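Visitor: Read off the chains here:
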Amino acid sequence: MKITLEVDVLTNNNRAAAFNRQLFEETNTLVINIMSSPGAGKTTILEKTIETLANEFRIGVIEGDLATEKDADRIRALGAQAVQINTHGGCHLDARMIAAVLPQFDFQHLDILFIENVGNLVCPSGYDLGQQHKVAVLSVPEGNDKIPKYPTMFMRTELVLLNKIDLLPYLDFDVEQAKEDLSCIHPQSKLLPLSAKTGEGMDEWLHWIREGVARCKKQSISQ
Amino acid sequence: MHEMALMGEIVQLIEQDAQMKKIKYVKKVELLVGTLSNVLPDALQFAFDVYKMQANNSLTMDAELIIHIEKAKAVCAICGSQYEPVTKIAQCPTCLLPSGNIVEGETFRILAYEGSLTHENYIGS
Ligand SMILES: Nc1nc2c(ncn2[C@@H]2O[C@H](COP(=O)(O)OP(=O)(O)OP(=O)(O)O)[C@@H](O)[C@H]2O)c(=O)[nH]1
Ligand SMILES: [Mg+2]
Ligand SMILES: [Zn+2]
Numbered sequence: 001m002k003i004t005l006e007v008d009v010l011t012n013n014n015r016a017a018a019f020n021r022q023l024f025e026e027t028n029t030l031v032i033n034i035m036s037s038p039g040a041g042k043t044t045i046l047e048k049t050i051e052t053l054a055n056e057f058r059i060g061v062i063e064g065d066l067a068t069e070k071d072a073d074r075i076r077a078l079g080a081q082a083v084q085i086n087t088h089g090g091c092h093l094d095a096r097m098i099a100a101v102l103p104q105f106d107f108q109h110l111d112i113l114f115i116e117n118v119g120n121l122v123c124p125s126g127y128d129l130g131q132q133h134k135v136a137v138l139s140v141p142e143g144n145d146k147i148p149k150y151p152t153m154f155m156r157t158e159l160v161l162l163n164k165i166d167l168l169p170y171l172d173f174d175v176e177q178a179k180e181d182l183s184c185i186h187p188q189s190k191l192l193p194l195s196a197k198t199g200e201g202m203d204e205w206l207h208w209i210r211e212g213v214a215r216c217k218k219q220s221i222s223q
Numbered sequence: 001m002h003e004m005a006l007m008g009e010i011v012q013l014i015e016q017d018a019q020m021k022k023i024k025y026v027k028k029v030e031l032l033v034g035t036l037s038n039v040l041p042d043a044l045q046f047a048f049d050v051y052k053m054q055a056n057n058s059l060t061m062d063a064e065l066i067i068h069i070e071k072a073k074a075v076c077a078i079c080g081s082q083y084e085p086v087t088k089i090a091q092c093p094t095c096l097l098p099s100g101n102i103v104e105g106e107t108f109r110i111l112a113y114e115g116s117l118t119h120e121n122y123i124g125s
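Chains A and B, in that order, are what the protein sequence lines are. By the count of the UniProt record's numbering, the first sequence reaches residue 223 at its end, each step adding exactly one. By the count of the UniProt record's numbering, the second sequence reaches residue 125 at its end, each step adding exactly one.
Since the hints were made in silico from the structure, they are not lab data. Some clues are possibly wrong.
[Said to hold, decoys possible] Each pair of labels, with its calculated beta carbon distance range:
| id | chain 1 | residue 1 | chain 2 | residue 2 | range |
| --- | --- | --- | --- | --- | --- |
| 1 | A | Gly201 | B | Ala77 | 28 to 36 Å |
| 2 | A | Asp8 | B | Val50 | 17 to 25 Å |
| 3 | A | Thr198 | B | Gln12 | 22 to 30 Å |
Note that the structure is predicted; figures quoted are calculated from it, not measured. For glycine and all other residues, C-beta sits at the position ideal for the given N, C-alpha and C.
Please construct the entire structure, taking both the sequences and the accompanying hints into account.
Guide: Here is the structure:
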């Protein structure tokens, strides 16, 4: 017998994402899903971010990697709570993996939750985790052509951190071209050049986070 | 790489439904895949063949995967013309600007499956 289903393939993921989103909203937690290719500097950016913001906000981190606790250990070394998810070969985090570790966080006492996705410029972009913001990290050594080559990622992220600008003098990365490519694919998104190593450009990123937290808190007052 | 995980979603959704209906054997699955959905039909077929060989689901060894393709369609936000975009950056052939809103082509759905309650039934049909 033929059974008509008519369901989106990502139905189960989307249901879990809706559950996560509701929890984040009810507890006024700012949740940011950070995606990039391997080694673009996600963990380094998070380390520098936590070093500065730890006095202002209560921060939690979910680390997604194929294997090891290495990235979570780097975050824990700074005194922040980090939960590592190992995907064992899986190329992305999905909303059910996130839902499964949420009970480990105390959301009544958390302002920001960063989710560092598995290093991969393709697959993570297709999975909604329930976050309010998606941020991509692109690094100077990866080259100029990544934005047009991986449009699905950059079409779905509202902010692109262009990391490792301390290496610009040694490489032929064209920042203006990258800005133009991005505005062509996704006019509403923004490219923010920075260096997690030297700290250059980090202030604008931190400002963006502070604004995000303020927006979350304001919603709670107006409710 | 990604198609294997997506086929896992498909098999899981079908298992959920089949269990409710007490269906034991699934011999055909029909999908609708948009040309801009970022999934490759060949890779999906390969993933389906891998799942078929596994004993922990209801797919029969000779189960069939049918992939219907949804063509891409965009409507230009400036001039209103309809056209078939080649990529997600839908450049309007009239305005020559990436001004198109994609209205079709991003779908990735399970349309239907064919199953039976008993093995005899399956051989007989
Ligand atoms: N020169 C330079 N190197 C950097 C910068 N940021 C990160 N790195 C280096 O880049 C390498 C990778 O950084 P990670 O932070 O581990 O990158 P990641 O994106 O978390 O990597 P995965 O989690 O494995 O995907 C490390 O050796 C960092 O020290 C930067 O701004 N400038
Ligand atoms: Mg990392
Ligand atoms: Zn037009």
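Visitor: Indicate, hint by hint, whether the structure satisfies it.
Guide: Hint by hint, here is what the structure shows:
no.: 1; hint: A:Gly201 with B:Ala77: 28 to 36 Å; verdict: 33 Å, holds
no.: 2; hint: A:Asp8 with B:Val50: 17 to 25 Å; verdict: 22 Å, holds
no.: 3; hint: A:Thr198 with B:Gln12: 22 to 30 Å; verdict: 46 Å, violated
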